[in-house]
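A.B. asks: Line order of the protein sequences matches chains A and B. Under this note's numbering, the residue at position 63 of the first sequence is numbered 63, and the numbers go up by one with no gaps. Under this note's numbering, the residue at position 233 of the second sequence is numbered 233, and the numbers go up by one with no gaps.
One or more hints might be untrue.
[To be verified] One-sided and incomplete, this derived list gives chain B residues near chain A with beta-carbon spacing under 7 Å: (1) R89; (2) N100; (3) H104; (4) R116; (5) V118; (6) G254.
[As the list claims (entries may be wrong)] No farther apart than 25 Å at their CA atoms in a straight line, the calculated lysine-lysine pairs in the DSS-like style are these: (7) B/K136 / B/K90; (8) B/K142 / A/K185; (9) B/K90 / A/K185; (10) B/K80 / B/K90; (11) B/K90 / B/K78; (12) B/K80 / B/K117.
Keep in mind that the hints were calculated from the coordinates and are not lab data. We treat Cβ as the ideally placed atom computed from N, Cα and C, and that holds for glycine.
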Amino acid sequence: MAIDSSASLPLSWPRRHPGKLVLLAALALLLIFGAPKSPVFAALYEWSPALAVGFGQNILISLLAIAIGSLLGLLIGALAVSPLWITRLPARIWVQVFRNAPWLVLIYFTTYVFPFELHIGKSWIAFPDWVKVTIGLALPASANVAEIFRGAIGSIPSTQWEASRSLAFTRGQIFRSIILPQCFKRMLPPWMNLYAVITMGTALASLVGVHDLIDTAQIASNTVNLTGFTVLIYFSVLALFFAYCYPISRITQFLERRYAFS
Amino acid sequence: MPSPETRAEQPLISLRDIHLSFGSNRVLRGIDLDVQRGQAVSIIGPSGSGKSTILRCITGLLQPQRGNIRVGETEVHKLKSEAQRIELRKRVGFVFQQYNLFPHLSVLENLVIAPRKVLGRNSAQAEQEARALLAKVRMEHKADAYPGQLSGGQQQRVAIARALAMRPELILFDEVTSALDPETVGEVLTVIRELTEEGMTCVLVTHEMRFAEDISDVVYFTENGLIVEHGSAEQIFQRPVSERTQAFLRHALGDAGRRPAAAGDPYLLSNISRYGLSV
Numbered sequence: 001m002a003i004d005s006s007a008s009l010p011l012s013w014p015r016r017h018p019g020k021l022v023l024l025a026a027l028a029l030l031l032i033f034g035a036p037k038s039p040v041f042a043a044l045y046e047w048s049p050a051l052a053v054g055f056g057q058n059i060l061i062s063l064l065a066i067a068i069g070s071l072l073g074l075l076i077g078a079l080a081v082s083p084l085w086i087t088r089l090p091a092r093i094w095v096q097v098f099r100n101a102p103w104l105v106l107i108y109f110t111t112y113v114f115p116f117e118l119h120i121g122k123s124w125i126a127f128p129d130w131v132k133v134t135i136g137l138a139l140p141a142s143a144n145v146a147e148i149f150r151g152a153i154g155s156i157p158s159t160q161w162e163a164s165r166s167l168a169f170t171r172g173q174i175f176r177s178i179i180l181p182q183c184f185k186r187m188l189p190p191w192m193n194l195y196a197v198i199t200m201g202t203a204l205a206s207l208v209g210v211h212d213l214i215d216t217a218q219i220a221s222n223t224v225n226l227t228g229f230t231v232l233i234y235f236s237v238l239a240l241f242f243a244y245c246y247p248i249s250r251i252t253q254f255l256e257r258r259y260a261f262s
Numbered sequence: 001m002p003s004p005e006t007r008a009e010q011p012l013i014s015l016r017d018i019h020l021s022f023g024s025n026r027v028l029r030g031i032d033l034d035v036q037r038g039q040a041v042s043i044i045g046p047s048g049s050g051k052s053t054i055l056r057c058i059t060g061l062l063q064p065q066r067g068n069i070r071v072g073e074t075e076v077h078k079l080k081s082e083a084q085r086i087e088l089r090k091r092v093g094f095v096f097q098q099y100n101l102f103p104h105l106s107v108l109e110n111l112v113i114a115p116r117k118v119l120g121r122n123s124a125q126a127e128q129e130a131r132a133l134l135a136k137v138r139m140e141h142k143a144d145a146y147p148g149q150l151s152g153g154q155q156q157r158v159a160i161a162r163a164l165a166m167r168p169e170l171i172l173f174d175e176v177t178s179a180l181d182p183e184t185v186g187e188v189l190t191v192i193r194e195l196t197e198e199g200m201t202c203v204l205v206t207h208e209m210r211f212a213e214d215i216s217d218v219v220y221f222t223e224n225g226l227i228v229e230h231g232s233a234e235q236i237f238q239r240p241v242s243e244r245t246q247a248f249l250r251h252a253l254g255d256a257g258r259r260p261a262a263a264g265d266p267y268l269l270s271n272i273s274r275y276g277l278s279v
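Please model the complete structure; the sequences and the hints are all you need to start from.
C.D. replies: Structure representation (structure tokens):
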């Protein structure tokens, strides 16, 4: 990384960004000292636990969706690179369908197609809306992960295959020992990018009645019924999503730069 | 079990009338080639004459459309399944022009992975052998480095050690010095020379004419998918019969390749008519 001049001259974060730090401190002071006097800030303070719970719901949905999507996506991606067309074809159809469908349509689809409770054995198990939304987001996530996976495998030079074959590895051994370990490193940046996009997609959950951050913000806005508060609370929602997704995107950029040379 | 005498007469590798084409491009058009055990055999010839393809046929990476290939007791052209070809590749080492080390593994792991996973050797033993092989190619000080941290010549020596770690009966070298700068070519050639002196059967595709002349027992000259001429190194390089071989060697050894001494002012475009100028 000799060509990266900022890496060769390490500065701690506060010294590199004095302006941002001052701005942040000013904002904190304004919130702490300005808040109690204004009814708008008082209402925000009052509603902040509910907002936190709502955002927790968003994060839970996003984490579950990326987990399910990744497992499913790796499976479908593996099928998509299989030499047998009988497994390749369904995988390709899955990827094309779910990559090209609007997420909101998929969320409505899973919400209204699945029953609201499941009959397993003798007991009825509730099938809550937020789980349906999670599945609705996991479907496009799986298609995207599959495509990331297929791209990563394709990006490994064919000479690696040739070299491993000349060393008498079987196809399975080449995949497990040579190709996959190199793939995961290449997959990490786009995969994290996908996670950030899915987190932003969880905002759609409010449309089917999940009590997430947006839904809570709407309720708060209607209850308090102050124009200033409505503006402020949607700014807070924006800030919360940004505060969560921005570091992910920065880490992704860092990883992309780090892996660009190897 | 054949007696030692008859085995010595029977070549380790023999290719008979090998034909191979990629689509309509006929790369090999009837290759006959024999390699005795313990010999160093070089294949020389212009680019695109099918030299590398011959090596890939020997180890079963490519399957010719016609002809017989025998390596030891194995009839390569009759192998039907990948599993059978894998058995063949355990006995045949291959070193590539672009080294093709595994970039996610350290030098030592590059050497150990195939003996462990393919031959089922235990880790400690495989690692001990790998360190001995690294010492042999003078790379023991880089055992824990990653391929990306090594120079081309160092990577190529590791690649040779990786092929040796499988304890092959023979090694195929595919233009192993073509991607190296002139200074590091020597260190790789020294390693190959030592191998041939130890009696390892080597088949080299090379553009290093002096080296080929120096170490080879037999030299084959190929052009357009055919063997034009073959014989001892001395015979091919000193007394080539074919006119085509003579012309190739004349160019390859650089007698006619010298550029004429500078004449006149380089800034004066004296032969400007050679360039089609249109305004």
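A.B. asks: Now tell me, hint by hint, if it's right for this structure.
C.D. replies: Here's how the hints hold up against the structure:
| no. | hint | verdict |
| --- | --- | --- |
| 1 | R89 | 4 Å, holds |
| 2 | N100 | 4 Å, holds |
| 3 | H104 | 5 Å, holds |
| 4 | R116 | 10 Å, violated |
| 5 | V118 | 5 Å, holds |
| 6 | G254 | 31 Å, violated |
| 7 | B/K136 / B/K90 | 21 Å, holds |
| 8 | B/K142 / A/K185 | 24 Å, holds |
| 9 | B/K90 / A/K185 | 30 Å, violated |
| 10 | B/K80 / B/K90 | 17 Å, holds |
| 11 | B/K90 / B/K78 | 17 Å, holds |
| 12 | B/K80 / B/K117 | 23 Å, holds |
When the structure is compared with the earlier hints, violations turn up for hints 4, 6 and 9 and for no others.
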